[in-house]
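Asker: Sequence:
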Amino acid sequence: MLTPAAYLLATIHGLMMGTDSKLLYFQSMYVSSVCLTSVLLIVRFASRKGCHAKVVQEAEIR
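Residue 30 in the numbering used here is what sits at position 30 of the sequence shown, and the numbering runs on without skipping anything.
Since the hints were made in silico from the structure, they are not lab data. Please note that a few of the clues may not be correct.
[What the hints assert, rightly or not] Just the calculated beta-carbon pair ranges, DEER-fashion:
no., residue 1, residue 2, range
1, R48, M16, 30 to 36 Å
2, H13, L41, 18 to 24 Å
3, R48, S21, 29 to 35 Å
4, F45, S21, 27 to 33 Å
5, S47, G18, 30 to 36 Å
6, M1, S33, 18 to 24 Å
Only a predicted model underlies this, so the values are computations on that prediction, with no experimental measurement involved. Glycine included, every Cβ here is placed at the ideal spot set by N, Cα and C.
Please model the entire structure based on the sequences and the hints provided.
Answerer: Here it is in structure tokens:
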């Protein structure tokens, strides 16, 4: 669970302290990386809730 926080801190560090962070290429790389990671985290946590609800329903049936 600490991985998303570590990723966020590393990204902020790269944007603020990176020597190439002013270049458009690297800024677009950071933006696309953050967007992709955000979508994947949303999908992961959304599917976890659905999975948990399914397990609870199956347990109630038994």
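Asker: All hints, please: hold or fail.
Answerer: So, going through the hints one by one against the coordinates:
no.	hint	result
1	R48 to M16: 30 to 36 Å	32 Å, holds
2	H13 to L41: 18 to 24 Å	19 Å, holds
3	R48 to S21: 29 to 35 Å	33 Å, holds
4	F45 to S21: 27 to 33 Å	29 Å, holds
5	S47 to G18: 30 to 36 Å	33 Å, holds
6	M1 to S33: 18 to 24 Å	20 Å, holds
Checked against the numbered hints listed earlier, the structure breaks none of them; every hint is satisfied.
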